[in-house]
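**Student:** Please take these sequences and the hints and turn them into a complete structure.
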Amino acid sequence: MRDIKLISYQRLANFLAVFSFIDMLFLPRIMYPVAIPISLIFVVIFHLIFHKISKTEICLFIVLITSLSATLLNVSINFSAELSDGIKRTIQLCSFMLFYFFVSRVSFNENVYLKIIRIFFAWVFALTLIYLIDPSSVVGNISNIYPESNFIQEENLLNLRFSYIFQDPNGAGYLYAILLASFLIIEKNNFYKYIYIFFALFCIFVTQSRGALLSVCVMFLAIFLFKRKYLPKYYCILFFVIALVVIYSLRENDSVMSLYHTFSNRGNLESSLGGGRFDKYIYMIENINIMPYGAGYNLFKDGNVFKPHSDLIRLNLSYGFIVMAILYSTVHPRSKEQLFVFIPFLFGFMINSMIDEYRLMCAFYILMRVVYKNDGCNEKF
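Number 231 in full-length UniProt numbering belongs to position 231 of the sequence shown; there are no gaps in the numbering.
Worth flagging that the hints you see were computed from the coordinates, not collected in a lab.
Restraint-style ranges between C-beta atoms, simulated for each label pair:
1) Pro135 <-> Lys188: 28 to 38 Å
2) Phe300 <-> Ala325: 23 to 33 Å
3) Asn111 <-> Phe50: 22 to 32 Å
4) Arg334 <-> Met291: 22 to 32 Å
5) Ala325 <-> Val218: 21 to 31 Å
6) Asn189 <-> Ser8: 27 to 37 Å
7) Leu73 <-> Asn189: 46 to 56 Å
8) Tyr328 <-> Ala35: 20 to 30 Å
9) Asn159 <-> Ile22: 24 to 34 Å
Within a straight-line C-alpha distance of at most 30 Å, the following computed BS3-like cross-link-like pairs (lysine-lysine) qualify:
10) Lys88 <-> Lys55
11) Lys193 <-> Lys233
12) Lys193 <-> Lys115
13) Lys88 <-> Lys301
14) Lys115 <-> Lys188
15) Lys336 <-> Lys55
16) Lys227 <-> Lys115
17) Lys227 <-> Lys193
18) Lys227 <-> Lys336
19) Lys336 <-> Lys193
20) Lys88 <-> Lys52
21) Lys188 <-> Lys229
22) Lys229 <-> Lys193
23) Lys188 <-> Lys227
24) Lys307 <-> Lys88
25) Lys336 <-> Lys229
Backbone N, C-alpha and C fix where the C-beta goes; we use that ideal spot for every residue, glycine too.
**Tutor:** Quick look at the structure:
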């Protein structure tokens, strides 16, 4: 009888994990009372009813709650008007921890997730092509179905950046990069690898996310150096052909320079809005927070709102070193395969934001477990 209950529990957990992955990639959020993926609600219910949390997990969760509560207390004393944002972000970070506890006990079937990734890239590639043909129509339909993506869609249209269902195109770019890294590890068919590498790179390129593009380059380099078996057969020929096409385009196609100016102008715009990462890191070093609590989600510099554009800066100044350490314990790689998936995450963590987006964090947690459970993925550092 006990074995039957255990099997039923495991099947339910596996089904909920698959549903959560589909939810993060395709489904709109629940917008009221807070914007949250519907699968997270089921994960919380699952924890309350079925899941026996270990003593270590309980201790970690208590420490996290205590540190975040100290931050909220600090915010309520100094910036009472910002307390509501702080509460929302506290709930978000706690839900990430619960989700991590959940996926750590799921038995993942990589073939199921592989099929979902294939469908996702085919869908996004088709949607991206339609976007390039009729951007206003695509953005309008996405905004109606996914109201959480409305925030900067007009600015994205000006530069023809496709953000899929994200507010920020960088978020879409990092999701594609993380999915691509996972796909290379679990996909065994070389033909599919060629097709979906093209789909993924094309979609990342249209997001115009420099960080995501750079992270993919570093990820490919890491796989080339440490586990070439995950690259498609005859990958050297593929890279050579791509290099020839790029060189020819740079010499012959004036539109490449137009695209370069688009990237350049966008970078200048980000700098004018306070987007220079180097200055922000200097500011963090000068004001590094060694306390177990922080100033809250909304940061201020010289009386003005300070947007760090970096999770590392955000976590240190907003929440303190305890929350940083706990979050790192949930994301750091434990195998070479996880390292390849971690590389795009790290780029997003350092120069953009991952923790602000439910879809990115939850999909990342799932994929880190999928590649770890993949055959031959237990080689520790």
